[in-house]
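Chain by chain, the residues:
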Amino acid sequence: MLSILTAVGFMATLGLLLAIILIVANRWLYVYEDPRIDQVEDLLPRANCGACGTAGCRPFAEMLVKGEIEPGRCTVNSTEMNQVIADFLGVDLGAGEKRVARLACAGGDHVAGMRAAYQGLHTCRAAALVSGGGKGCAWGCLGLGDCEVVCDFNAIQLDRHGLPVVDESKCTACGDCVDVCPKDLFSLHPVSHRLWVACKNLDFGDEAERQCAVVCTACGRCAQDSPEGLIEIRDNLAQVDYGKNALASKVAIERCPTGAIVWLEPGGLVLKGRDARKVIRKEALPIT
Amino acid sequence: MGLQSLFHRHPTFEHGIYPVEHKELTADKPIRRLSFAPELVIPLAQHKGAPAVPLVKVGQEVVRGEPIARAEGFVSVPMHAPATGIISAIERVPTAEGPKAPAIRLKVYEAASQQVLYDFERDLEVMTPDSIISAVQDAGLVGLGGAAFPSHVKMRPPEGRTIHTVIVNGCECEPYLTCDHRIMLEQTDALFRGIRLAMKATGAQRAIIGVEDNKLDAVAHLRKYLAGEAARDPSAASVITAQAVETKYPQGAEKMLISSLLGKEVPMGGLPADLGVAVYNVGTLAQMGDLLPKGRGLIERVVTVSGPAVEHPGNFMVPIGTPVRFLLEQVGLADDVGEVILGGPMMGMAVASLDVPVTKAVSGVVALRQEDPDLHQRKVYPCIKCGECLKACPISLNPSMLGELAQARQYPRMAEEFNLDQCFECGCCAYVCPSNIPLTQYFRIAKSINRDLANG
Numbered sequence: 001m002l003s004i005l006t007a008v009g010f011m012a013t014l015g016l017l018l019a020i021i022l023i024v025a026n027r028w029l030y031v032y033e034d035p036r037i038d039q040v041e042d043l044l045p046r047a048n049c050g051a052c053g054t055a056g057c058r059p060f061a062e063m064l065v066k067g068e069i070e071p072g073r074c075t076v077n078s079t080e081m082n083q084v085i086a087d088f089l090g091v092d093l094g095a096g097e098k099r100v101a102r103l104a105c106a107g108g109d110h111v112a113g114m115r116a117a118y119q120g121l122h123t124c125r126a127a128a129l130v131s132g133g134g135k136g137c138a139w140g141c142l143g144l145g146d147c148e149v150v151c152d153f154n155a156i157q158l159d160r161h162g163l164p165v166v167d168e169s170k171c172t173a174c175g176d177c178v179d180v181c182p183k184d185l186f187s188l189h190p191v192s193h194r195l196w197v198a199c200k201n202l203d204f205g206d207e208a209e210r211q212c213a214v215v216c217t218a219c220g221r222c223a224q225d226s227p228e229g230l231i232e233i234r235d236n237l238a239q240v241d242y243g244k245n246a247l248a249s250k251v252a253i254e255r256c257p258t259g260a261i262v263w264l265e266p267g268g269l270v271l272k273g274r275d276a277r278k279v280i281r282k283e284a285l286p287i288t
Numbered sequence: 001m002g003l004q005s006l007f008h009r010h011p012t013f014e015h016g017i018y019p020v021e022h023k024e025l026t027a028d029k030p031i032r033r034l035s036f037a038p039e040l041v042i043p044l045a046q047h048k049g050a051p052a053v054p055l056v057k058v059g060q061e062v063v064r065g066e067p068i069a070r071a072e073g074f075v076s077v078p079m080h081a082p083a084t085g086i087i088s089a090i091e092r093v094p095t096a097e098g099p100k101a102p103a104i105r106l107k108v109y110e111a112a113s114q115q116v117l118y119d120f121e122r123d124l125e126v127m128t129p130d131s132i133i134s135a136v137q138d139a140g141l142v143g144l145g146g147a148a149f150p151s152h153v154k155m156r157p158p159e160g161r162t163i164h165t166v167i168v169n170g171c172e173c174e175p176y177l178t179c180d181h182r183i184m185l186e187q188t189d190a191l192f193r194g195i196r197l198a199m200k201a202t203g204a205q206r207a208i209i210g211v212e213d214n215k216l217d218a219v220a221h222l223r224k225y226l227a228g229e230a231a232r233d234p235s236a237a238s239v240i241t242a243q244a245v246e247t248k249y250p251q252g253a254e255k256m257l258i259s260s261l262l263g264k265e266v267p268m269g270g271l272p273a274d275l276g277v278a279v280y281n282v283g284t285l286a287q288m289g290d291l292l293p294k295g296r297g298l299i300e301r302v303v304t305v306s307g308p309a310v311e312h313p314g315n316f317m318v319p320i321g322t323p324v325r326f327l328l329e330q331v332g333l334a335d336d337v338g339e340v341i342l343g344g345p346m347m348g349m350a351v352a353s354l355d356v357p358v359t360k361a362v363s364g365v366v367a368l369r370q371e372d373p374d375l376h377q378r379k380v381y382p383c384i385k386c387g388e389c390l391k392a393c394p395i396s397l398n399p400s401m402l403g404e405l406a407q408a409r410q411y412p413r414m415a416e417e418f419n420l421d422q423c424f425e426c427g428c429c430a431y432v433c434p435s436n437i438p439l440t441q442y443f444r445i446a447k448s449i450n451r452d453l454a455n456g
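Residue numbers (the UniProt record's numbering), protein chains in the order written: chain A, 1 to 288; chain B, 1 to 456.
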């Protein structure tokens, strides 16, 4: 009987002691955390993609509550949801324009040939390390789909010619494809940048055309009548000055003889000029 | 040798592999010259460090040996015209690494005598270490074993380090390659002149020539030469020694050779200079001994052209910038060539285009046939944790673990916890892997991504 009492008494004392420690700890070591951080985090998509520029959704929520960043910076959330956060915190939505990833290459396997067959790990990064990957154009897309794999939002799909196509409605501009592409073909642009040079080839004229049918040959026709230096030829490549994006029109695509300059309509339609070379071929080019 | 080697093993390093050598194809073929290619392509970045800056203009005539590009800073070397001709273009050309890089195109004059007219005598006796170092840079010398690291940079050790030993790397552990073997046999005079120059420049008191024991004829030849020298001048005796080491891949890697010859390990992340050692390839030193007294620049190198798809394999003195296509046409190429590799088959680079030129770093051109079993893609199985790769890795990494991490895309962790950056991509792990896991390729991807992350 006594042993039971001893045990119960001992446990009760021990429990009391630990409870006191916990109470003291709770008083002295308490860290106040704004409850709004949790509430805001619940309103975020929790994709942890980093598109807003922070490490993830929690740090983004912390910065939101401190007022250091605007809710509109989250590109994954819908605008309505961001508005809910803005109303909840009593701040402006802020928000820039929606940005998307754009691919600076139009050379699918039916227009741009391979000069060697690559064998090995089926990733662009690995192929690029073996003598550039075997594509005839040293700057072109290798078509092994590292970007498709890395995209958390399923916004990139390879088309039948092995060229990634970005779904603008799904793209959140998180920048993962920009980082993963060994040829640095992706860049993030506001959707209003409709005029697009889908090429990075730095060769000139015939040499460039030998490598790809849809190449910028640096002929300069687009730059000739572009308003106020909107398009310039630098380094054998047409480059659009997006600071003058308001001047961009479909004139440039009409000038391009190969169809390397395109106009990207909302909804994913890619417009080429009427005089651009027609590509009829559907199957892949043979290895030369 | 056979039985004898059972009782007497030459010094060696731990781990490593024994690939089939295939050296019999070219080992007894003396170094020959071929005709000049109609056009030479000289990339401006053939070495580690800053690319050279062109000194010539399009349309300018140059004589053989004339400088055509200057070094940009200390870690850089100049380029010299490999032939008399006219500069036809300075433009981007395909390179073995992949991206197109700026290069000088030189149209060779067919009727020219191709004498090196651009040179001056140097008196080696009066040269100070500093003047040797600047002369080595002016000669455009880089590590001809394949690393292409500017040679003069290694002559000036980091602050607080002194060099006491020059190790001369005559291992040539890559299969097929025999150019260093031939250099040791045929350019012995120049080689020893180069060794003495390197010793003087670095202040080293001794030099050891390390040669794999599949080239015992070269060891005997070098020892005979040294004995002859010692007979003439007893004071010079035993400063330079020739030492056979076991034939094992990658014996020719500088850290492996140091551990074989000196029994010491270069500290992790350190340089051979931390042990007071500088390592030079025999080809580099032979060129140094040949070029410096004449005041010339590096315009040609010995290249082994070999492999089952080559009709007349051999060792050739090839002008820098010769297109690989021309070189292979000269030796005869089988119709069913499947792959062309610059360098040896273990660490060399398969090229995507035969238009790439022979650069200062290209020690061999190996052409394999299409039916070569090594070219067939093998099914990759999961890692069975057999540990063969751990037994093969010469620097005792854990390739199995690194491979698993690479498949999980944990690239930074590979570098932080498993010393990925120490890997020099010798390929031993992938060679022994029974599951055919392309480990070396995984590591190259990981390093490339880590480099990108570090550069933002």
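Hints were generated in silico from the structure; no laboratory data involved. Careful: at least some of the hints might be erroneous.
What the hints assert, rightly or not - Computed spacing ranges between beta-carbons, pair by pair:
{"no.": "1", "chain 1": "B", "residue 1": "38", "chain 2": "A", "residue 2": "279", "range": "32 to 38 Å"}
{"no.": "2", "chain 1": "A", "residue 1": "120", "chain 2": "B", "residue 2": "33", "range": "43 to 49 Å"}
{"no.": "3", "chain 1": "B", "residue 1": "417", "chain 2": "A", "residue 2": "31", "range": "28 to 34 Å"}
{"no.": "4", "chain 1": "B", "residue 1": "448", "chain 2": "A", "residue 2": "191", "range": "30 to 36 Å"}
{"no.": "5", "chain 1": "A", "residue 1": "246", "chain 2": "B", "residue 2": "38", "range": "51 to 57 Å"}
{"no.": "6", "chain 1": "B", "residue 1": "107", "chain 2": "A", "residue 2": "280", "range": "26 to 32 Å"}
{"no.": "7", "chain 1": "B", "residue 1": "409", "chain 2": "A", "residue 2": "246", "range": "52 to 58 Å"}
{"no.": "8", "chain 1": "A", "residue 1": "278", "chain 2": "B", "residue 2": "409", "range": "37 to 43 Å"}
{"no.": "9", "chain 1": "B", "residue 1": "38", "chain 2": "A", "residue 2": "278", "range": "34 to 40 Å"}
{"no.": "10", "chain 1": "B", "residue 1": "335", "chain 2": "A", "residue 2": "120", "range": "49 to 55 Å"}
{"no.": "11", "chain 1": "B", "residue 1": "382", "chain 2": "A", "residue 2": "246", "range": "53 to 59 Å"}
Every residue gets a Cβ at the ideal spot worked out from N, C-alpha and C, and that includes glycine.
Review point. In this structure, is the beta-carbon distance linking residue 448 (chain B) and residue 191 (chain A) contained in 30 to 36 Å?
Key: holds, 31 Å
Given a hint of 37 to 43 Å, does the C-beta separation of residue 278 (chain A) and residue 409 (chain B) actually sit inside it? Since residue 278 (chain A) and residue 409 (chain B) have Cβ atoms about 41 Å apart, the given range 37 to 43 Å holds.
Verdict for residue 38 (chain B), residue 278 (chain A) (Cβ pair) under range 34 to 40 Å:
Given range 34 to 40 Å: holds, Cβ gap about 38 Å.
> Using the C-beta atoms of residue 335 (chain B) and residue 120 (chain A), is the stated range 49 to 55 Å upheld?
Replying inline: violated, 24 Å
When you take the CB atoms of residue 417 (chain B) and residue 31 (chain A), is the distance between them in 28 to 34 Å? For residue 417 (chain B) and residue 31 (chain A) the Cβ distance comes to about 31 Å; the hint holds.
Just tell me: holds or violated, for the beta carbon distance of residue 120 (chain A) and residue 33 (chain B) against 43 to 49 Å? Since residue 120 (chain A) and residue 33 (chain B) have Cβ atoms about 36 Å apart, the given range 43 to 49 Å is violated.
Inset, instruction - Mind checking the hinted window 51 to 57 Å against the Cβ distance between residue 246 (chain A) and residue 38 (chain B)? - result: holds, 53 Å
| message | Can you tell me whether the CB distance of residue 409 (chain B) to residue 246 (chain A) sits inside 52 to 58 Å? | response | violated, 41 Å
Taking 53 to 59 Å as the hint, is the beta-carbon distance of residue 382 (chain B) and residue 246 (chain A) inside that range? holds, 56 Å
Return holds or violated for the Cβ distance of residue 38 (chain B) and residue 279 (chain A) against the range 32 to 38 Å.
-> Given a distance of about 36 Å, which is inside 32 to 38 Å, the answer is holds.
* Asked: So the hint says 26 to 32 Å: do the beta-carbon atoms of residue 107 (chain B) and residue 280 (chain A) match that?
  -> Taking Cβ atoms as reference, residue 107 (chain B) and residue 280 (chain A) lie about 39 Å apart, which means the hint is violated.
The structure is inconsistent with the numbered hints 2, 6, 7, 10, although it conforms to all the rest.
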